[in-house]
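Asker: Now for the letters of each chain:
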Amino acid sequence: MIMITKIFLITVFSIGTIAFTGKGAAFAVSAEENYKFYCTQCHGSDGKGEGANSKPKVVGIDLPEMSVTPRNHTNPEDMNKLTDTDIESAISGGGAAVSKSTIMPPWGKTLTEAEIKDLTAYLRKLCKCKGK
Amino acid sequence: MNASNIGRWMLVLPVTALFIALSWGVSLADGKGIFASKNCGSCHQIQGPAAEKTFDDQLKKKGPELWYSGSKFKKEWLEEWLEKPTTIRPLKYNSVTDKNTDKHPALSKKEADEVAEYLMTLTAKEVAKGTAEEKVTPQGKNLFIKRYSCVGCHSIKAGAQKVGGVSGPDLSEAGKRLTADWVYAYLKEPKVFKPVKRMPVFVDIINDNEMKTLAGFVAAQK
Chain A
469 MIMITKIFLI TVFSIGTIAF TGKGAAFAVS AEENYKFYCT QCHGSDGKGE GANSKPKVVG
529 IDLPEMSVTP RNHTNPEDMN KLTDTDIESA ISGGGAAVSK STIMPPWGKT LTEAEIKDLT
589 AYLRKLCKCK GK
Chain B
-18 MNASNIGRWM LVLPVTALFI ALSWGVSLAD GKGIFASKNC GSCHQIQGPA AEKTFDDQLK
42 KKGPELWYSG SKFKKEWLEE WLEKPTTIRP LKYNSVTDKN TDKHPALSKK EADEVAEYLM
102 TLTAKEVAKG TAEEKVTPQG KNLFIKRYSC VGCHSIKAGA QKVGGVSGPD LSEAGKRLTA
162 DWVYAYLKEP KVFKPVKRMP VFVDIINDNE MKTLAGFVAA QK
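Quick mapping for you: the protein sequence lines, in order, are chains A and B.
Heads up: the first sequence begins at 469 in our numbering, then just goes up one per residue.
Heads up: the second sequence begins at -18 in our numbering, then just goes up one per residue.
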């Protein structure tokens, strides 16, 4: 009986892990960690859209600003215009998936679906808004 | 050819072959020895395969891994760069906020040549030869700048000016440094080389032909 229970638990755990892992391979333990590792390159450490790629001069590098300003994730008016699905699509498929600039790359093969959902929830915390 | 001439050649040829083999071996051993004595391994991993599994694993690394440098780099560039290092990454390694002001140690000409020779022996089987052709094409430029916006993180030359982002390595002279074959392999199988990295995975997003075109475009930037 104990053996059967063990096998059952291992099976459930394995299926759960596979389902949760989805397309990408999770490296982070939280959405905040993912945000810091990936998103801050362009959106900045404070989420205001002023990362090093967006404004190289801010970090002392003499290169022109990015042609498109990355979204300010702390701006509730702006972020309220988006549904959670809009945000998830933009993260997964990049700007092109939501008729925006391709300078926002697709992260759907880097992050798992669960991570993208968690990141969306994290962005809602940054903007302190719920969206459409 | 008389018998004494044949005898002479039979002696000269093996001795020459032995001399060449020994010189190559000594040079290689020297390069490896210099790499060890300068403690290069404290920042650069020379043993593959990649083992990083988490952000922390990547963030602990102090410099780029070199275990596939013979597939990645062009030897002449390595020799020159090791003697007179320049900045490749605009931001410090693993940072997205701090300008790279690090000065990489410089080697003497002899040391640089020997270390380059050694590094060129470190290859990856995943990098096949002759996969992509170094070539600036309108298609490559379009893919790099518009379609996939690689330029968002990597700078390239645009006329006399340089444009692009700074979180990825500067690619304005990538063709002096990188082989097209490695760039293609890196796009195709990124997890082999850098399982944890800030660049998105483009597998199943950029198709195979586009990857080859992009690799050729990058490796033609000089």
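Worth double-checking, as some hints may not be accurate.
Cross-link-like lysine to any residue pairs, in silico, SDA-like; alpha carbons within 20 Å at most [said to hold, decoys possible]:
(1) K600/A to D586/A
(2) K549/A to V526/A
(3) K504/A to Q39/B
(4) K577/A to K106/B
(5) K80/B to E533/A
(6) K41/B to V526/A
(7) K523/A to A31/B
(8) K122/B to S535/A
(9) K577/A to K175/B
(10) K203/B to E33/B
(11) K598/A to L531/A
(12) K73/B to R592/A
(13) K525/A to I187/B
(14) K598/A to T553/A
(15) K504/A to K549/A
(16) K203/B to K91/B
(17) K523/A to K143/B
(18) K525/A to I137/B
(19) K73/B to K127/B
(20) K106/B to E154/B
(21) K13/B to W62/B
(22) K80/B to E500/A
(23) K525/A to N20/B
(24) K127/B to F505/A
(25) K593/A to A565/A
(26) K80/B to V526/A
(27) K568/A to P181/B
(28) K138/B to L531/A
(29) K138/B to K596/A
(30) K596/A to E533/A
(31) K91/B to N20/B
(32) K504/A to K138/B
(33) K577/A to I187/B
(34) K80/B to K549/A
FYI, nobody ran anything at the bench for these hints, they're computed from the structure.
Asker: Take a quick look at whether K525/A and I137/B sit within 20 Å of each other, Cα to Cα.
Answerer: holds, 17 Å
Asker: For the pair supplied as a hint, K593/A and A565/A, is the alpha-carbon distance within the 20 Å limit?
Answerer: Violated: K593/A and A565/A sit about 23 Å apart, past 20 Å.
Asker: Compare the distance between the alpha carbons of K91/B and N20/B with 20 Å, and conclude whether the hinted pair is satisfied.
Answerer: holds, 17 Å
Asker: For the pair we were handed, K596/A and E533/A, check the Cα-Cα distance against 20 Å.
Answerer: Between K596/A and E533/A the Cα gap is close to 28 Å, so the pair fails against 20 Å, i.e. violated.
Asker: Under the criterion that the straight-line Cα-Cα distance not exceed 20 Å, is the pair K525/A, N20/B satisfied?
Answerer: Violated, at about 34 Å.
Asker: K523/A and A31/B were given as a pair; does the straight-line alpha-carbon distance stay at or below 20 Å?
Answerer: Violated. K523/A to A31/B sits at ~32 Å, over the 20 Å cutoff.
Asker: Please verify whether K80/B and E533/A have alpha carbons no more than 20 Å apart.
Answerer: Distance of about 16 Å is within 20 Å: holds.
Asker: CA of K504/A to CA of Q39/B, is that 20 Å or under?
Answerer: Given that 20 Å is the threshold and the Cα spacing comes to 14 Å, the pair holds.
Asker: For the pair supplied as a hint, K523/A and K143/B, is the alpha-carbon distance within the 20 Å limit?
Answerer: Distance of about 14 Å is within 20 Å: holds.
Asker: Within 20 Å, alpha carbon to alpha carbon, are K525/A and I187/B?
Answerer: It is violated: about 31 Å lies between the C-alpha atoms, which goes past 20 Å.
Asker: Do the alpha carbons of K138/B and L531/A lie within 20 Å of each other, as the hint requires?
Answerer: Distance ~11 Å between K138/B and L531/A Cα, so the pair holds.
Asker: Sort out whether V526/A lies within 20 Å of K80/B, counting only the CA atoms.
Answerer: holds, 10 Å
Of the numbered hints listed earlier, those contradicted by the structure are 2, 4, 6, 7, 10, 11, 12, 13, 15, 16, 19, 20, 22, 23, 24, 25, 29, 30, 32, 34.
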